[in-house]
Amino acid sequence: MMKDGESGDRYGFFTNDDDRFLNAGTNSLITGASFLHTGASFLNTGASSLHADASSLHAGVSFLHTGTSSLHAGASSLNADASSLNVVGSSLNAGRSFLIAAGCFLKTKKSWNF
1 MMKDGESGDR YGFFTNDDDR FLNAGTNSLI TGASFLHTGA SFLNTGASSL
51 HADASSLHAG VSFLHTGTSS LHAGASSLNA DASSLNVVGS SLNAGRSFLI
101 AAGCFLKTKK SWNF
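Note that my numbering has the sequence shown beginning at 1, numbered continuously upward.
Hints in this document: simulated from the structure, not taken from any laboratory. A couple of the hints might just be wrong.
Ranges between beta-carbon positions, derived for each pair [as the list claims (entries may be wrong)]:
#1 Leu57 <-> Thr31: 54 to 62 Å
#2 Val87 <-> Asp53: 46 to 54 Å
#3 Gly25 <-> Val61: 49 to 57 Å
#4 Gly25 <-> Asp53: 40 to 48 Å
All C-beta atoms, glycine included, are put in the ideal place defined by N, C-alpha and C.
With these hints in hand, go ahead and build the complete structure from the sequences.
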């Protein structure tokens, strides 16, 4: 049993040593909770960092996609220009053929001496 003036519960079950062990256990639990809280904060920070990295990667992929689309549009435009030049070249060839034919006709007409 406890004497008057000693700490413990009112029924006399706990001694001063028991109180010290309970206090130490409580302090250990508080320290453990602090470590858990710190660990959770680190995890939260890491998750935020990963989210930011994923957002950056997504922005980079979107930029590459836009650049690829621009290159594709540019290639299509160059292809259309090449087709136009091909048509112009064909027209020039046709005009040249016509001039050759006209020259041949004029030579032939001159040889007839009209």
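Hint check, failures only: Hint 1 is the one this structure does not satisfy, whereas the remaining hints hold.
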